[in-house]
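Can you make the complete structure from the sequences, with help from the hints?
Protein chains: 2
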Amino acid sequence: MNTPSRTPKNILVGQSGGPTAVINASLYGVIAAGHELPEVGRVYGMLGGIEGFQKGGQIDLSEVLSKADLKRLKHTPAAYLGSCRYKLPEDLTAPAYPLIFKKFAEMNIGYFLYIGGNDSMDTVSKLSRYGNQIGSDVRIIGVPKTIDNDLILTDHTPGYGSACKYVATTVREICLDSSVYHNKSVTIVELMGRHAGWITAASVLARKYEGDNPVLIYLPEADFSMELFAADIEKALQKKKNIIVCVSEGISDPEGRFICEYGNHVGTDTFGHKMLTGCGKVLEEFVRERFQIKVRSVELNVSQRCSGMIASLADIEEAARAGYAGVEAAVAGETGKMISFYRLDQSDHYQINCRFVDVDEVCNQEKIFPVEWITSHGTDIHKDFLAYVMPLIQGTPEVEMKDGLPVYCYR
Amino acid sequence: MNTPSRTPKNILVGQSGGPTAVINASLYGVIAAGHELPEVGRVYGMLGGIEGFQKGGQIDLSEVLSKADLKRLKHTPAAYLGSCRYKLPEDLTAPAYPLIFKKFAEMNIGYFLYIGGNDSMDTVSKLSRYGNQIGSDVRIIGVPKTIDNDLILTDHTPGYGSACKYVATTVREICLDSSVYHNKSVTIVELMGRHAGWITAASVLARKYEGDNPVLIYLPEADFSMELFAADIEKALQKKKNIIVCVSEGISDPEGRFICEYGNHVGTDTFGHKMLTGCGKVLEEFVRERFQIKVRSVELNVSQRCSGMIASLADIEEAARAGYAGVEAAVAGETGKMISFYRLDQSDHYQINCRFVDVDEVCNQEKIFPVEWITSHGTDIHKDFLAYVMPLIQGTPEVEMKDGLPVYCYR
Numbered sequence: 000m001n002t003p004s005r006t007p008k009n010i011l012v013g014q015s016g017g018p019t020a021v022i023n024a025s026l027y028g029v030i031a032a033g034h035e036l037p038e039v040g041r042v043y044g045m046l047g048g049i050e051g052f053q054k055g056g057q058i059d060l061s062e063v064l065s066k067a068d069l070k071r072l073k074h075t076p077a078a079y080l081g082s083c084r085y086k087l088p089e090d091l092t093a094p095a096y097p098l099i100f101k102k103f104a105e106m107n108i109g110y111f112l113y114i115g116g117n118d119s120m121d122t123v124s125k126l127s128r129y130g131n132q133i134g135s136d137v138r139i140i141g142v143p144k145t146i147d148n149d150l151i152l153t154d155h156t157p158g159y160g161s162a163c164k165y166v167a168t169t170v171r172e173i174c175l176d177s178s179v180y181h182n183k184s185v186t187i188v189e190l191m192g193r194h195a196g197w198i199t200a201a202s203v204l205a206r207k208y209e210g211d212n213p214v215l216i217y218l219p220e221a222d223f224s225m226e227l228f229a230a231d232i233e234k235a236l237q238k239k240k241n242i243i244v245c246v247s248e249g250i251s252d253p254e255g256r257f258i259c260e261y262g263n264h265v266g267t268d269t270f271g272h273k274m275l276t277g278c279g280k281v282l283e284e285f286v287r288e289r290f291q292i293k294v295r296s297v298e299l300n301v302s303q304r305c306s307g308m309i310a311s312l313a314d315i316e317e318a319a320r321a322g323y324a325g326v327e328a329a330v331a332g333e334t335g336k337m338i339s340f341y342r343l344d345q346s347d348h349y350q351i352n353c354r355f356v357d358v359d360e361v362c363n364q365e366k367i368f369p370v371e372w373i374t375s376h377g378t379d380i381h382k383d384f385l386a387y388v389m390p391l392i393q394g395t396p397e398v399e400m401k402d403g404l405p406v407y408c409y410r
Numbered sequence: 000m001n002t003p004s005r006t007p008k009n010i011l012v013g014q015s016g017g018p019t020a021v022i023n024a025s026l027y028g029v030i031a032a033g034h035e036l037p038e039v040g041r042v043y044g045m046l047g048g049i050e051g052f053q054k055g056g057q058i059d060l061s062e063v064l065s066k067a068d069l070k071r072l073k074h075t076p077a078a079y080l081g082s083c084r085y086k087l088p089e090d091l092t093a094p095a096y097p098l099i100f101k102k103f104a105e106m107n108i109g110y111f112l113y114i115g116g117n118d119s120m121d122t123v124s125k126l127s128r129y130g131n132q133i134g135s136d137v138r139i140i141g142v143p144k145t146i147d148n149d150l151i152l153t154d155h156t157p158g159y160g161s162a163c164k165y166v167a168t169t170v171r172e173i174c175l176d177s178s179v180y181h182n183k184s185v186t187i188v189e190l191m192g193r194h195a196g197w198i199t200a201a202s203v204l205a206r207k208y209e210g211d212n213p214v215l216i217y218l219p220e221a222d223f224s225m226e227l228f229a230a231d232i233e234k235a236l237q238k239k240k241n242i243i244v245c246v247s248e249g250i251s252d253p254e255g256r257f258i259c260e261y262g263n264h265v266g267t268d269t270f271g272h273k274m275l276t277g278c279g280k281v282l283e284e285f286v287r288e289r290f291q292i293k294v295r296s297v298e299l300n301v302s303q304r305c306s307g308m309i310a311s312l313a314d315i316e317e318a319a320r321a322g323y324a325g326v327e328a329a330v331a332g333e334t335g336k337m338i339s340f341y342r343l344d345q346s347d348h349y350q351i352n353c354r355f356v357d358v359d360e361v362c363n364q365e366k367i368f369p370v371e372w373i374t375s376h377g378t379d380i381h382k383d384f385l386a387y388v389m390p391l392i393q394g395t396p397e398v399e400m401k402d403g404l405p406v407y408c409y410r
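Residue numbers (numbering that gives the first Met the number 0), protein chains in the order written: chain A, 0 to 410; chain B, 0 to 410.
FYI, nobody ran anything at the bench for these hints, they're computed from the structure. It is possible that part of the hints are untrue.
[Stated by the list, open to error] Here chain A is said to cover these stretches of chain B; the calculated rule only asks that three of the stretch's residues, wherever they fall, bring their Cβ under 8 Å from a Cβ of chain A: (1) 77-89; (2) 168-176; (3) 179-190; (4) 298-310; (5) 392-399.
[Unchecked claim] The list that follows gives simulated cross-link-like pairs (lysine-lysine, PhoX-like), each with its CA atoms no further than 20 Å apart: (6) A:207 with B:401; (7) A:183 with B:54; (8) B:54 with A:240; (9) B:240 with A:54; (10) A:382 with A:207; (11) A:70 with B:207; (12) A:401 with A:70; (13) B:238 with B:293; (14) A:207 with B:70; (15) B:183 with B:239; (16) B:239 with B:293.
[To be verified] Here are a few chain B residues that sit away from chain A, every Cβ distance over 10 Å (derived from the structure): (17) 14; (18) 35; (19) 96; (20) 133; (21) 151; (22) 340; (23) 342; (24) 353; (25) 359; (26) 363; (27) 367.
All values reported here derive from a predicted model rather than from experimental measurement. Beta carbons: idealized from backbone N, C-alpha and C, even for Gly.
Following this line, the structure appears as structure tokens:
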């Protein structure tokens, strides 16, 4: 561990990857730490992630954000600084690296914080390895975020709790909506998750008692078969008139073919375009044809990652804390690390601590949903998952409102 | 006007048509009035609307709902009593009518309140006309509800304000979500409204300043042309990198063909099913093909009518008031009427009064969005609409939360 710098150095912070409800809360945490810790001078933001920064996109966050702005920022979904999906060259001798570090030097950057998911941790890894090679004293720290909860070596990721809260709340309301008519019906809710079922699993939270909707939950981690699905639906309809089914967008059959692809060779529309569709639509048509009953499909779509109104306060606070901890780690001399959450083993009182892990061990890995938490032949979720996820959705943020609508922080 | 009954008579209340966020608030208002007014004995609910009632579905609401339940009911989306889509026979000599009135007599019903939209007002009309024919003293009153805001002779309908608040909030968040990347993109948001553009028009509320997203808004009341749409998009992309377009599901071309039908002859999927799609998907493919840029479509779906978390408090209170006013009107001797909202002409302080209108004048009519509020060649909304709609989305309900999720009232 290096000793901290004696004269204050500036922070550079960036956001990368897909938006979440709390990536700005982590930015808030970074800025708050920058303002409070004596080792830090100014806080600069890179616009459009590391890609935008290389083209000159930067902003002095100590200048542009008022106290009121900062408070709003904490509750603002999506990425205030703008984002990118960009991988730095694998070859550390590429010209991008000295150019980036030259800019760091010009801006007197001592601490670079990068808030993002898997690909962003790859950026942290490459920059810190290059920094080590050239003996740079810039400390480079990753702050995790992803609604997908698929990063390893952390109990969970900031952003995941808010996605869960949104999914559970909305599915509970869709259950109410679907229950008003006497006729039998099936409602299929398609949720985010191409490879990992973490978000879809959270739909189990909508259930109020055993046997309540959603009665069937399918994750990408379990093979999906249309015939078994039909049998599941038939059985469920014997017990309940209105059935809610939650599926991950990425469910696939035992041969590895995505269910959404079943509908994708449909041909072309009026203009000769290929029409793409989700697995929810494919299953809707399948159930309609097979059972001749009322069926609809609902795709919850981007609100899963950008609803500020139905975000989790616990998630927001933890995201801010992760940002703050990132600056603390950098100031303490750490580099090439990612902040991670460690759950203290206290069964009836949830508590997490922040620690840091080697970013090289995290990046380009994927944490899938544990198979032992998938039950009832791939149609249900184990109660241990409930104990795991419940603390992550607690609390409702007090979003500033004006004229009946949320006020967010804009650049 | 008849004189009020001297001995208390019971209320029968039913819900009908599609769910909204506030149809239960009206039920709450009916129950509250039933408990408070001395002319009323018990409050019975019909289960599954007039259709379910004919099969014996009823419940004593004075028995089953605790004080805590009642409070929850006010904030619970969808229809607590269950609903139906059912038209009584046109022929008033049909056997259904004497059977219904026989049940009314057995239950000592003096007041029948029916909460619903257009078709439900048709039920109110038929029952009150039959009642008049046979000299019944049962007073029959309609309490309006529909997110579509398409009932005539009322300033607006309960349910509409909450749909507007949900749409405006969610579109504002989608705007944030779409703005994080540097690359040009088009996001198409498909909103409810087969015939009337009231809900889609509310997306204009998401805008924070002139020129802000959503930059293009298309309602069913204006003809839609793919070529003009392409020109609109091209123009918008010259000014802004990320474009949000809001469209009603029911937009159609000058020949009257729905845009969603452009994609519907696509053929069949793997199982030989006809794949149906919305106009958002059709426009998404069109823009992708034409502009070769990033495009996505988002269908907001049923949450527009069943989000309890993003409901309008003003709407909830007005819905409860309409239910209460319905009972008052019945007790005062009215029958065959619908409660309506009348806006007092005070430009800077919104205030409504409840009055009642002849239900025969309301039912089977449709109030479309005023053409003079559709501007910029069918791509924008006049500011007078903003003044009209703004009061309807004010206030946030305090929804009871448990374990991080909303607690609603269930039968």
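Quiz prompt | Pair hint residue 382 of chain A and residue 207 of chain A, alpha-carbon separation not exceeding 20 Å | solution = Since the Cα atoms of residue 382 of chain A and residue 207 of chain A sit roughly 13 Å apart, the hinted pair holds (cutoff 20 Å).
Practice problem: Could you let me know if the closest chain A CB is still more than 10 Å away from the CB of residue 151 of chain B? | Solution: holds, 25 Å
Quiz item: For residue 367 of chain B, is the shortest beta carbon distance to chain A beyond 10 Å?
Solution: holds, 24 Å
Quiz item: Holds or violated: are the alpha carbons of residue 183 of chain A and residue 54 of chain B at most 20 Å from each other?
Solution: holds, 17 Å
Quiz item: Is the hinted pair residue 70 of chain A and residue 207 of chain B satisfied, with a Cα-Cα distance of at most 20 Å?
Solution: holds, 19 Å
Quiz item: Looking at residue 363 of chain B again, its CB stays over 10 Å from all of chain A?
Solution: Holds: least Cβ distance 22 Å, greater than 10 Å.
Quiz prompt | Restraint status (C-alpha distance of residue 183 of chain B to residue 239 of chain B at most 20 Å) | solution = holds, 8 Å
Quiz item: Do three or more residues from the region 298-310 of chain B put their C-beta atoms closer than 8 Å to C-beta atoms of chain A?
Solution: As far as the region 298-310 of chain B goes, the hint holds, because 10 residues have Cβ atoms under 8 Å from chain A.
Quiz item: In terms of Cβ atoms, is chain A entirely out of 10 Å range of residue 340 of chain B?
Solution: holds, 18 Å
Quiz item: Would you say residue 342 of chain B is clear of chain A, with no C-beta pair closer than or equal to 10 Å?
Solution: Fine: 17 Å to the nearest Cβ keeps residue 342 of chain B off the interface.
Quiz item: Are 3 or more residues of the region 168-176 of chain B near chain A, judged by a Cβ distance of less than 8 Å?
Solution: As far as the region 168-176 of chain B goes, the hint holds, because 7 residues have Cβ atoms under 8 Å from chain A.
Quiz prompt | chain A versus residue 133 of chain B - minimum CB to CB distance exceeding 10 Å, so not interface | solution = Consistent with the label, residue 133 of chain B stays out of reach of chain A, its closest Cβ about 29 Å off (over 10 Å).
Hint 17 from the earlier list is the only one contradicted by this structure; the remaining hints agree with it.
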